[in-house]
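Engineer: Please assemble the complex out of the two chains, which come individually in their own frames, going by the hints.
In order, the protein sequence lines correspond to chains A and B. Under my numbering, the first residue of the first sequence is numbered 122, with each subsequent residue one higher. Under my numbering, the first residue of the second sequence is numbered 563, with each subsequent residue one higher.
Possibly wrong hints are sitting among the right ones.
Which bits of chain B does chain A cover? Going by a derived footprint, with three or more residues having C-beta under 8 Å, they are [as the list claims (entries may be wrong)]:
no.	segment
1	909–917
2	953–959
3	1046–1052
4	1145–1153
Selected chain A positions facing chain B (Cβ under 8 Å, derived; list incomplete) [as the list claims (entries may be wrong)]:
no.	residue
5	Ile133
6	Ser136
7	Val140
8	Gly153
9	Thr155
10	Leu158
11	Ala167
12	Ser171
Read the hints as simulated data drawn from the structure, not as lab findings. The beta carbon of each residue, even a glycine, is placed where N, CA and C say it ideally should be.
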Amino acid sequence: VSRKRSPARLVIALSVAAVLGVFLLYTSIAGGGTPSLRPSQLAGHAGKVSLAGRVVGPVTGDAHAAGLRFRLRDVKGTAVVPVVYHGTVPDPFRVGRDVAVNGTLRNGVFVAERDTLVTKCPSKYTAKKS
Amino acid sequence: MPELGRAALVVTLGLVLYAVLAGGWAAARGRRRLALSARNALVAAFCSTLVASLVLWAALWRHDFSFTYVSDHTSRKLPLGYSLAAFWGGQEGSLLLWLLILTGYCALAVWLTGRSARGLVPWVVPVLGLVASFFAFMLVVVSSPFATQLAPADGAGMTPSLQNPYMLAHPPLLYLGYVGLTIPFAFGMGALLSRQTDERWIVATRRWTLSAWAFLGVGQLLGAHWAYTEIGWGGYYAWDPVENAALMPWLAATAFLHSVMIQEKRGMLKVWNMILVALAFCLSIFGTFLTRSGVVNSIHSFSQSPLGSWFLGFIVFIVVATALLIWVRLPLLHARTKLESLASREATFLYNNLLLVAFCLTILWGVMWPILTEAVRGTPSTVSKPYYNFFLHSFGLPLLLLMGIGPLVAWRRASLRALGRTFLVPFGVALAVGVALLAAGAGSSLPGLLAYTFSAFVAASIALEFTRGTRARRSLADESWPGAFASLIARNRRRYGGYVVHAAVLMLAIGVAGSSAYQTVREQKLMPGQSMTIDGRTLTYRGVQQRQASNAQEFRAVVDVSIGGGHVTTLYPGKNVYPVEQQTSNEVSIYHDWRNGGDLFTIADQIDKSGAVYFKVLVKPLVNLIWLAGFIFVGGSLIALWPDAAEQRRLAARYAPEAAVA
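Isolated chain B, as found in the complex (with noise of 0.2 Å):
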């Protein structure tokens, strides 16, 4: 059986470099029939990467211990699902599991591109396969899943903190969004290297751009879920490299999704696409080098291994490459129009983009900082939280500031006096709720008080554009009011579909704002019988109960939370100790008030043999609008990527070939 895999992987190596010479051959030349034949070389691989990656299922599923990966990384008593799992459980896994999203893609990608960019395939596709290459090599050379040894007698487990139903979702989700970024990027490779640089590649790869981004937020916000629920330190995110190292690709894809809109209304910003898209793309190859490199200390931190050369030389090149290809190919990526007015949307979406890349660079420097200082200085330096937060709320509440600002903007030009009109309802809801919350007491945070106030006056925006939408329909057609608000979503997608994503990044920081700036933490020692109050809830402890699971013995502290004397609930924060895998592991116990919005999260942070238990307790004002702002932002994301019938007719119109010559 591993030969099989290793022959498939083989294949997938001779597949995808037959891609990149004869598809590179063939789009130079103009082969037509050998364009053809890269093209499916990249379907081919596709399929040899899924019997490889079945291989190792199948070995994962019989607990074939004589594949060193599977000994490594499950035993006996692992549940099924979690054997399954520990496919990207470990570093080769993870490097398959790319590869085989990568050819997947590809195989997608060039089967279903319109005909509007057919002529940009046989470029794309000498790009795919390049990128499909390095993981084909890795795998093949430095790194192979199918390595064999004497099987033992059981594996070694897998950590218990992977041990949870996020670690089926968590990781594929973030490899969706981290691969997906490579079909755009591809795609704007294609243009540069075929000399079509018009906004095709962007048309083309909208929905490829949209997928990754929305795949990559929402595996963000499920690691972040899990991070609270099952780490349990209180918190959903710390600035970890290995986080980080998502944020980033996902920051600058999100300017790309916005600046991309630019090009397609005014023919600007040609060159700053091309390098978003090369950004993103080399940010998401970062990312993986970073998880999988040990060169950052991480609490991730997988291994120290021999990738980390071959990746860094693989960044390198792209860099170089990319670099070199936008230059040559500067005199065609002029603009069609230039900016007439810093009051205009295409002003407001230049800062948006200024401050997202911003962002996205400062973390950058963070993460990068302990190499940077121990190369010039010889001891590594590392920033933490604050210098993160410091960025989040100087380049973050502008950025919301104007979330709530661009869509209400004309194109081109907007007058003062019909600006002054536009923004008269939002800036009062705003400085109403500001004062409201002052009044309240919310001025003990001043980044929870501009985050707030500036949500109002998103908030606000975002509902004077549906009403506004929905009573021009109203009108223009006669139709009801929720027949008109539905009709107005349906015919414009993209457009109410980004408003809907809006709402939920608001959620998010309304959500994030409250849980930072306005938690509550108490720690307390108690015996028995003792209680403790936290803003306003009494929490008694009870005593200590005892389970056996199947791999765990399970401690449990019980302890009822009451308000005014009323029973609310009984929390049981504890302890689980693992003997196979000799760790112990927090077990976190929350209570959520669905009327606020808020948790009570306890930890059971030490459990004495007296009895005596050290507990921790937060009050998390709001947390749960970040989860329900996940679901929001898939809804938003799904409106926008749904496809329009319309939408591909105006397109085809547009770019037919026909209309290119005339």
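Chain A with its partners taken away, still in its complex shape (with noise of 0.2 Å):
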């Protein structure tokens, strides 16, 4: 009887490898994500990351035409890099807000690429107390 379930018992195995192998497949070939860093840290990233900071103004341009152009500082420091950016511009965006935003930087500009603005939390969704 036990020899008689063992192919099952291996095809279940099989299968859990497999699922397990796709996984690590792409794991290794996509790599380890988006690294998301803050205006202070830029300096020696020369890949893509994700930037995370506070809107700083002016904020002047077209995100339509030749780009948005503003600046992002450490939400907690002083560190600011300029930015460029493309594409629509979230509704809650305004100087003072904290923002994430992917691209490179090149030149010590942020190139942000197209539509990857998105606005984090306005504040009115909780108490402000803290």
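Structural biologist: As structure tokens, this is what we get:
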């Protein structure tokens, strides 16, 4: 009897292994995701990163033409980096908001990828005591 | 008034703690009267939580800004419906809603549980009490909705993005789902504690699991529709951590719903079912943790709050306690039978479980990735859409296919010859559809083509099941076709309700594949009088209209849509500016084409002072099938849930106390 059920177990074990294999294959090829950094950590990162910071004015330009230009500052700190962005600007975007945007640093300017700007929680969702 | 609310919550905490301690003692020592009193404490806890909730609702209704919670989440101008919905607009209120639903469910569950599982109840009560104690403790000690202050003249108002009808239904539905998963979990643990590890706990909680799962599913679909019509980026699901937080327990519960059938029918997978029910419950708590703690960045991020560590502690406690309990009771969880063949219903259910859980865990891995990488490397990394889409394709498409295979394979052992005969029709249909789609140019997206071909296969197999069943009934009872069809469903509600749900999932898959794999996007800046074309449609921008609403200034771009010179409709995408909240919101305009189920989706992304508007336009084929699937999903769930007297009698006979002795 025990001989008879072994192929079933084997196939199930193999399926589990296959699922695990698909997973490992993807993570090893696609790498470990996009690092999210603050402006002060940007120096030395040549690849694509997700930059999170607070918007510092002035906000100039046109996101659907030459590009929207603003600067991002560490939420807790003073390091600042200029950003140029194209694409959809979320409604809550404005000076003083915390945002995140994907892109790469080129010659001291953070060139953002199209349509990757997201604003983080407007504090209205909760009490502002803390 | 706030004192009454606080007092009611303290009473609730006392009652649920009593349910844990007295209930646990009573169950361990077999004290019948004490167990009954612990049970009644749960019912009383619901009443006192209801009092606390009514106090909060009354305060919201009266705009009593001396309640900090009320002034933080409403304002005088906010319409009454939204003021009352602010109950779940913030953290403290959400926790209270959780406790209210939980105690309500507890009261119902211990009340309604039939004779078959009565032996479990003494052990279920302390488990339920334990979960309720956690939430009551949070509400009394950590995060009280009844904090007071010197009343300001007006409140802070509600975020404009929350001010729409979805706010009234989406959060409570999700909570009904999340919290509902507590009941099967508690019965599972009760079965382990009481050593009654047969199928009784599963039979007793089938409808609880099913309804929680249905609420969770509908809640998510409503959320997706909310995102689609109100947030307005042209999509409905963004793999955001908070969205994933609801998807994960739903996937785990889906796996559980399927695997319990194997345990009922064949007495296998007892350990696995315990693990699944614990996984679904933990993921629902984890979802609340994720939503409320701000530990992962999300577009939903509500706040950075002190709740996180409490929740984390509770989750760790549950995981460790559950694992230990299952470990200790392992000798009692032996399977009655063994898997006989890989070509059997059981085996397809196993693959279904494997894929669902794998998909669930890869999502969990993606959600946790920022936390894990920060812990290991120092800087957090995030995974995004490509990661999730990859696993949706590699696990979701086989799942879709299995949905067509499973129902047609016999239990125990299916012969290859019979399988070949059964699958001839679905396979032929799928092949024909695949070839036709390829000829029509659907090969532009491989996942899309596969999704459609598999869908055709599943649709054919579901249709086949219904025809076979109806034909059998017809020859058995000499009924008319519609009569036979109706009595077929009525007599096998669980099975055919399940097939209806399968049909809904199928439509969902078709809608998702159509609107994502085959969508067209065009962006263009237009001056008044200029036009753009997309997918055979011509959009002519006429100009901007302005209107003053009660709480917002509305700007609308007027866009005429025509096909081949004939006017089809006029769309009004635009923006609202809210002066009090100092926010703007995108207001998209959508044309539903009911002939092909597709949408023309227009966004006025940027309105310049010069009158020029930057438009983003999407054509999304078949997207309306997704929403239609929601209705069919509800219908199928209701069929499967509907009380069935014949089934009750059968179960009562099977699990009668005398039968257990004999």
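Engineer: A separate judgement is required for each hint: does it hold in the structure or not?
Structural biologist: Here is what the structure says about each hint:
1. Restraint check on the segment 909–917 of chain B versus chain A: 5 residues with Cβ-Cβ distances below 8 Å, three needed, restraint holds.
2. Coverage of the segment 953–959 of chain B by chain A holds. Counting CB-CB distances below 8 Å, 3 residues qualify, and the rule asks for three or more.
3. With 0 residues bearing a CB less than 8 Å from a CB of chain A, the segment 1046–1052 of chain B misses the requirement of three and the coverage assertion fails.
4. With 4 residues having a Cβ less than 8 Å from any Cβ of chain A, the segment 1145–1153 of chain B passes the three-residue criterion, so the hint holds.
5. For Ile133/A, the shortest C-beta to C-beta distance to chain B is roughly 6 Å, which falls under 8 Å, so the interface hint holds.
6. Because the closest C-beta pair between Ser136/A and chain B is about 6 Å apart, less than 8 Å, the hint holds.
7. Look at Val140/A: its Cβ gets to within about 4 Å of chain B, closer than 8 Å, so that hint holds up.
8. About 5 Å separates the beta-carbon of Gly153/A from the nearest beta-carbon of chain B, less than 8 Å, and the hint is met.
9. With its C-beta approaching chain B no nearer than about 6 Å, Thr155/A sits inside the 8 Å limit, and its interface hint holds.
10. The beta carbon of Leu158/A comes within 6 Å of a beta carbon in chain B, closer than 8 Å, and the hint placing it at the interface holds.
11. Hint on Ala167/A is violated. Least Cβ distance to chain B is approximately 15 Å, over the 8 Å limit.
12. Given hint, Ser171/A at the interface with chain B, holds; its Cβ is 6 Å from that chain's nearest Cβ, closer than 8 Å.
In this structure, the hints that do not hold are numbers 3, 11, in rising order.
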